[in-house]
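Enquirer: Okay, here's what each chain looks like letter by letter:
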Amino acid sequence: EPEVTQTPSHQVTQMGQEVILRCVPISNHLYFYWYRQILGQKVEFLVSFYNNEISEKSEIFDDRFSVERPDGSNFTLKIRSTKLEDSAMYFCASSAGTGSQPQHFGDGTRLSIL
Amino acid sequence: KQEVTQIPAALSVPEGENLVLNCSFTDSAIYNLQWFRQDPGKGLTSLLLIQSSQREQTSGRLNASLDKSSGRSTLYIAASQPGDSATYLCAARNAGNMLTFGGGTRLMVKP
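Just so you know, the protein sequences line up as chains H and Z, in that order.
Take the first sequence: its letters are residues 1 to 114, numbered as in our numbering.
Take the second sequence: its letters are residues 1 to 111, numbered as in our numbering.
Don't read these hints as lab results, they were simulated from the structure.
In silico DSS-like cross-links for lysine-lysine, where the CA-CA straight-line distance does not exceed 30 Å: (1) Lys42(H) / Lys1(Z); (2) Lys57(H) / Lys68(Z); (3) Lys1(Z) / Lys57(H); (4) Lys83(H) / Lys42(Z); (5) Lys42(Z) / Lys57(H); (6) Lys1(Z) / Lys83(H); (7) Lys42(H) / Lys78(H); (8) Lys1(Z) / Lys68(Z); (9) Lys78(H) / Lys1(Z); (10) Lys42(H) / Lys110(Z); (11) Lys83(H) / Lys57(H); (12) Lys68(Z) / Lys42(H); (13) Lys83(H) / Lys42(H); (14) Lys42(Z) / Lys78(H); (15) Lys57(H) / Lys42(H); (16) Lys42(Z) / Lys110(Z); (17) Lys42(Z) / Lys42(H); (18) Lys1(Z) / Lys42(Z); (19) Lys57(H) / Lys78(H).
Computed from a predicted model, the values in this text were never measured in an experiment.
Start from the sequences, fold in the hints, and give me the full structure.
Expert: Right under this line is the structure:
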C-alpha cells in the first residue's frame with residue numbers, strides 16, 4: 001500500500017540553526033500538510049499546501065517556518081532560527097483531495113533542539 | 001474554535017472484550033471526522049473516515065458512529081485483541097483542510 005515517507009527519523013539541531021524536514025507524499029496526492037506533536041500534547045496543525053501555495057496555516061506557522069515542493073515528489077518544511085520549543089515530532093500528511101478524502105500520515109521526524 | 005476531547009485518556013481491558021472509545025467536539029459544523037491509530041514512536045494510521053452526512057462506517061472489527069447534533073463520535077472495537085493495543089485518536093475537519101485532534105485514548109488489551 002502506498003505510504004508517506006519522512007526523513008530523517010530523528011534530527012538533532014543546535015538552537016538558532018536552520019533545519020529542513022523532508023517528506024515524500026503518496027504519488028497521486030495533491031494536498032500536503034504538516035502537523036506537529038509536542039511530547040505529551042495533542043497533534044497540532046501547522047500548514048496545508050495545494051497547487052504550489054499555502055492554502056491554510058495556523059498561528060504556530062510563523063515567519064520562521066516555510067514549506068516548499070522543490071520537485072514532483074518531495075515536500076519540505078524548513079524552520080529557521082530554531083528555538084527550544086520547536087522540539088517535537090513533525091508529521092507530514094497527504095490526501096488525494098479534500099472533503100471525502102482521508103489524510104494519510106508518515107511516521108514522523110523527531111526534532112530535538114539543544 | 002473547534003475543541004476535540006477524548007474520554008477516557010487510558011483504558012485497559014482483557015482480551016475478547018467489546019469496547020467503545022468516545023470523542024466529542026464543540027463545533028458541530030464538521031465536514032468529516034477521522035479516526036486514527038498511533039503505535040509508540042510511529043505515525044498515525046487512518047482507520048475510518050465518516051462524512052458529516054453519514055451515521056456510521058465499518059471496517060472489519062471496527063465501527064465508528066457520528067452524531068453531529070450532539071457533537072459526538074464513538075469507535076467500537078469488537079472482540080479486542082492484544083494487537084489492538086495502541087493510542088486511538090479522533091480528528092475533526094471543519095471548513096478548510098486542517099484536522100483538529102483530540103488527546104487520544106491509550107488502549108491496552110491484556111492477553
